[in-house]
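Using the sequences plus the hints, can you model the full thing?
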Amino acid sequence: MLTEANSHQPIGKSQILEWLQAVKDPEIPTISLIDLGVVRGVEVDAVTGKVSVHLTPTFAGCPAMDYMKRDVERALLAHGVPAVEVEISMREAWTSDMLTEAGRQALRQHKLSPPPVIGNQVFDLDFLEYAECPNCHGNNTELRTPFGATLCRAVHYCNDCRQLFEQFKPV
Amino acid sequence: MNPTLDLLYRLADDQLILGHRNSEWNGLGPILEEDIAFSSMAQDKLGHSLQLYSLLRALGEAEPDTVAFTRNAPQFHCCQLVELPIGEYDFSLTRHFLFDHAELLRFEALATSSYEPLAQVARKLRGELKYHALHANTWMKRLGTATDEAIERMQRSLDFTLPYALGIFEKTDAEAEIISSGLFVGEDELRGRWLESISKVLAQTALEVPDVLALTPVMGGRYGQHTEHLQPLLDEMAEVFRLDPTADW
Ligand SMILES: [Zn+2]
Chain A
1 MLTEANSHQP IGKSQILEWL QAVKDPEIPT ISLIDLGVVR GVEVDAVTGK VSVHLTPTFA
61 GCPAMDYMKR DVERALLAHG VPAVEVEISM REAWTSDMLT EAGRQALRQH KLSPPPVIGN
121 QVFDLDFLEY AECPNCHGNN TELRTPFGAT LCRAVHYCND CRQLFEQFKP V
Chain B
1 MNPTLDLLYR LADDQLILGH RNSEWNGLGP ILEEDIAFSS MAQDKLGHSL QLYSLLRALG
61 EAEPDTVAFT RNAPQFHCCQ LVELPIGEYD FSLTRHFLFD HAELLRFEAL ATSSYEPLAQ
121 VARKLRGELK YHALHANTWM KRLGTATDEA IERMQRSLDF TLPYALGIFE KTDAEAEIIS
181 SGLFVGEDEL RGRWLESISK VLAQTALEVP DVLALTPVMG GRYGQHTEHL QPLLDEMAEV
241 FRLDPTADW
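Residue numbers (full-length UniProt numbering), protein chains in the order written: chain A, 1 to 171; chain B, 1 to 249.
Source of the hints: derived by calculation from the structure; they are not laboratory data.
A few of these clues could be false.
Cut-off 25 Å, straight-line C-alpha distance, at most; resulting in silico cross-link-like pairs (SDA-like, lysine to any residue) [to be verified]:
#1 B:Lys-200 x B:Arg-156
#2 B:Lys-141 x B:Arg-193
#3 B:Lys-141 x B:Gly-192
#4 A:Lys-69 x A:Glu-18
#5 A:Lys-69 x B:Pro-117
#6 A:Lys-111 x A:Arg-91
#7 B:Lys-141 x A:Val-122
#8 A:Lys-69 x B:Arg-57
#9 B:Lys-141 x A:Glu-142
#10 B:Lys-200 x A:Glu-142
#11 A:Lys-69 x A:Met-98
#12 A:Lys-69 x B:Gln-120
#13 B:Lys-141 x A:Leu-143
#14 A:Lys-69 x B:Asp-244
#15 B:Lys-141 x A:Tyr-157
#16 A:Lys-24 x A:Arg-74
#17 A:Lys-13 x A:Arg-91
#18 B:Lys-200 x A:Asp-160
#19 A:Lys-111 x A:Asp-160
#20 B:Lys-141 x A:Asp-124
#21 B:Lys-171 x B:Leu-55
#22 A:Lys-50 x A:Thr-30
#23 A:Lys-69 x B:Lys-200
#24 B:Lys-141 x A:Arg-74
#25 A:Lys-24 x A:Ala-75
Right, dumping it as structure tokens:
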């Protein structure tokens, strides 16, 4: 790290992405911002070495965005990046399909059911009621409320396990 | 007013005012689940209004905070439906149902707006608004098929709220240009889609739907004519803002 920061060569993009893997969601500490899909672009200025990171919110009213921005800045500056600029925009609106497979696994670790992949299917209201039980992995479940502890979570009930569970909402 | 500004102010003001009304349910919901639902929807709507005020900022209007917290009622372009006090739960639910169906369809249409920055925001917001519509449908169906007393209360709320809901679709002088420039499909088209959408849900309840288009809409909001309820709400919002200008929305 020190050698890179001390040299006058700008740091490579793949290195930045690797460092960003260590920056986790402030509300779900098992998932990185990269695997959450909110990092939509990274650019390194070839002359100044300044790094620009483009973030997009999972939900428009997400209160964690300011923390994510701060955490990205801190992490990169700590690695010796000379300057960091974080832009938050909806140029590429986040959808739950932007979660990576590792991200889905990280949600499961946090006892959150990952959202179903939407792909080319019609994303109608019925879709929102589908969830996979994080316990038995079955789908004999029903939506209890689309509004859970945070904007990105819904609460479902598994009829087989007879218990409530939280889902990271498809959107 | 320039058609883009005209449209954005209406969209943003609706979201801001209903967001604040929804937040008044904090701690008052009939059950904890509903308390959380209205708080979440409030948070979504305030987030949506901030996005829309930011689009206005990019077009040269004042900062979002200034626009949201320093104007008076005659300068607001929200429909009167959103400014009414929260009342009883059955009114708030009915308003939420009627408004959010219109809002979901509106943002689905705006996703292909000729004004690309708005289309981008709309593509984001429409996904979130699906949850608002879903929530409203669930409770309309639940209460609209429950006890006689519940059905009667919901019917009264529906009859009271529908004329205000028609005010959502009040047109401004910019309407013709909004449609011809491809900014938006227009209020008449939206009202048709909305009526179809709410009718489908109401048909699954014991509620009677009057001849909606024969009702007299409550208009004026889009031109700054408001009920006596808006200014006190704005005063309260401004006071919180003055006490702590850095507070989150
Ligand atoms: Zn289960």
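Open item on the list: Check the structure against each numbered hint from earlier and tell me which ones fail, lowest number first.
Closed with: Numbers 6, 18, 22, 23 and 24, in rising order.
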